[in-house]
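*Asks:* Now for the letters of each chain:
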Amino acid sequence: MKESRPRTFCWPEGKRAAVSLTWDDARPSQVDVGVPILDRFGIKGTFYVLPRNMGARLSKWRRAAANGHEIGNHSLNHPCTGNFDWQTQETMLERYTLARMERELRAANRLLRVALGVEPTSYAYCCGQNFVGRGTRLKSYVPLVAKLFTVGQAGFSETYANPLICDLAQVPSIKFDNKAYGELRETLDAAVADGCWLILMGHEVGDVRARQTTSASALRDLCSHFGRRPDIWVDTVTAVGRHVGATVRHPPAKARVR
Amino acid sequence: MKNKKSIPFSWPEGRRGAVSLCWDDARPSSVRIGVPILDEFGIRGTFYALPRNMGRELKMWRAAAVRGHEIGNHTIKHPCMGNFIGWQTPETMLENYTLGRMEKEILEANRVLSATVGVKPTSFAYPCAQTYVGRGTTLRSYIPVVAKHFEVGRAGFSETYASPERCDLAQVPSMDFDGQTFEQLRDLVEKAMVDRCWLVVTGHEVGDGRVKQTVSAKALEKLCAYLRRRADIWTDTVTAVGRHIAATVKHPPIPARLR
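These protein sequence lines map, in sequence, to chains Z and A. Using my numbering, you'd call the opening residue of the first sequence number 267 and step up by one each time. Using my numbering, you'd call the opening residue of the second sequence number 7 and step up by one each time.
I should point out that these hints are in silico values taken from the structure, not numbers from a laboratory. Note that the structure is a prediction, hence the values are computed from the model and not measured. Be aware that one or more of the hints could be misleading.
Derived DSS-like pairs (lysine-lysine); straight-line CA-CA distance at most 25 Å [what the hints assert, rightly or not]:
id	chain 1	residue 1	chain 2	residue 2
1	Z	K445	A	K218
2	Z	K405	A	K83
3	A	K228	Z	K405
4	A	K154	A	K197
5	A	K218	Z	K405
6	A	K83	A	K126
7	A	K256	Z	K405
8	A	K256	Z	K441
9	A	K154	Z	K441
10	A	K154	A	K110
11	Z	K441	Z	K281
Rough simulated footprint, nothing fancy, chain Z against chain A, three-plus residues with beta-carbon under 8 Å [stated by the list, open to error]:
id	stretch
12	40–49
13	66–74
14	84–98
15	129–139
16	221–229
Residues from chain Z that face chain A, not an exhaustive set, calculated with beta carbons under 7 Å [said to hold, decoys possible]:
id	residue
17	F350
18	D460
19	D487
All C-beta atoms in this analysis are idealised placements derived from N, C-alpha and C, irrespective of residue type, glycine included.
Chain Z with its partners taken away, still in its complex shape:
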């Protein structure tokens, strides 16, 4: 049952595994608290910026982008399932079409390019959801993300990405928020032992007890740990995804499993 374990894949420069640190929505605490911690350790993060949220810290976001942190696309309206009572009839995915989704993903890319000077090459699915419509007429919008971006990041995953197997259009990511350093280390150590790519996904940065918040002290401890671990490649989602994309080819499924 070990067929899916990496066998022939190599990370660059003899690294054993890859890690990407990511945050969604462009919450102000990300540039107020998170980016300065990353900068102190020379680590590049990936930020999936919701255009309507970046206004509050526009110059800080510009500086972060110029400094090499990745600015990814997180849609225009943050559409999710209508089961959330904060979604409206206008934004719920059950009432989206693929055409509207494509228009809005392109519009978000334009807004980010104009405001921050970089064209996004990665996308994070809002609420980790990847559909439009409902029932027999529902469609996945993963193919659209595959067409427009180098990497699509999925969320709320139970495991990390196996570079030999993973679909770059929906790379799994694991919850970053509300976890102590010890818990994050356990996940990291398992990913390194498996030679995999761990993507952590958070929202705010600050007090671990606050809702949807990555612990600032756990982030500091994690960054300082990376400083002592030259065998771990810590980089943006697009940088790691590009290496995986250039190295791995997926053969078509064999006829017997069709």
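With chain Z fixed as given, assemble chain A onto it according to the hints.
*Replies:* Same frame as chain Z, but now just chain A:
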């Protein structure tokens, strides 16, 4: 932002909301420990059974089905994304599936369950809560296949419960049941009832709640006692609740400006 309350919907007999208790995979402890607790309180659960796991407890599963517990479809091979190392194989990983093969295997699971347990499943639970086949630009959702063959498809690892007016019955959200205390579960039920929603919770084993993927037997007992006392909460199987919603709710078409 309370648009979801603008469409009139009512639960039967003046109830405030609905709750469904689910277990996946047909783990032995779910029928050996879980079902007797549900029976003691007259509550019907929903069990998404993997045929290969039912063998030793088959008689108990049959008896549970006769007593009104729902037996749902959870596929034949439990296919999930290939990123699970040491578990998924090239044969079972969703990246190597096609819609045609998925439909064949789902119908095969229905046949096996009909033959062994004596009931044809009317609801389906997505293994690992994943709903696609293939990869990249050629990836497809298999939710439409589930919508075609079942009254309800149950999703998982959800951040919220189902709004009856808005939810897609082909992918009803469900929340974690494993490892939760009674107090956590009760608070979640209360919240769902305030919103007049449908709370579906999903677990795996039943026993010591500190063990991985296990619903605490103690929490389950207390939850059942609590649900029994609350005449304003409709506790029933996934299909029973889904059927009521399907018969009651009509979804307006998408206006041209949103297309």
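*Asks:* Does K154 of chain A pair with K441 of chain Z here, judged by a C-alpha cut-off of 25 Å?
*Replies:* violated, 33 Å
*Asks:* Between K83 of chain A and K126 of chain A, does the CA-CA distance stay at or below 25 Å?
*Replies:* Status holds; Cα separation ~18 Å.
*Asks:* Mind taking a look at whether chain Z covers the stretch 129–139 of chain A? Criterion is 3 or more residues with CB to CB distance under 8 Å.
*Replies:* Held - the stretch 129–139 of chain A has 3 residues with a Cβ nearer than 8 Å to chain Z, which meets the minimum of three.
*Asks:* Please verify whether K445 of chain Z and K218 of chain A have alpha carbons no more than 25 Å apart.
*Replies:* The hint holds at about 18 Å.
*Asks:* Keeping to a limit of 25 Å between CA atoms, is the pair of K228 of chain A and K405 of chain Z held or broken?
*Replies:* violated, 41 Å
*Asks:* Can you take a look at whether the stretch 221–229 of chain A is actually covered by chain Z? Rule is 3+ residues, C-beta closer than 8 Å.
*Replies:* It is violated, with 0 qualifying residues against the three required.
*Asks:* Would the pair K441 of chain Z and K281 of chain Z pass a check requiring their Cα atoms to be no farther apart than 25 Å?
*Replies:* holds, 24 Å
*Asks:* Tell me whether the statement that chain Z covers the stretch 66–74 of chain A is true, taking a Cβ distance below 8 Å and needing three residues at minimum.
*Replies:* With 0 residues in contact (Cβ-Cβ under 8 Å with chain Z), the coverage given for the stretch 66–74 of chain A is violated.
*Asks:* Straight-line Cα separation of K256 of chain A and K405 of chain Z no greater than 25 Å?
*Replies:* Holds. K256 of chain A to K405 of chain Z sits at ~20 Å (cutoff 25 Å).
*Asks:* Next item in the hint list is F350 of chain Z. Is there a CB on chain A closer than 7 Å to its CB?
*Replies:* holds, 5 Å
*Asks:* Holds or violated: the stretch 40–49 of chain A covered by chain Z, criterion of 3 or more residues with Cβ-Cβ distance under 8 Å?
*Replies:* Check failed, 0 qualifying residues.
*Asks:* With a cut-off of 25 Å on the C-alpha distance, tell me whether K256 of chain A and K441 of chain Z pass.
*Replies:* With a Cα-Cα distance of about 36 Å, the restraint between K256 of chain A and K441 of chain Z is violated, given a limit of 25 Å.
Of the numbered hints stated above, those contradicted by the structure are hints 3, 4, 5, 8, 9, 12, 13, 16, 19, listed in ascending order.
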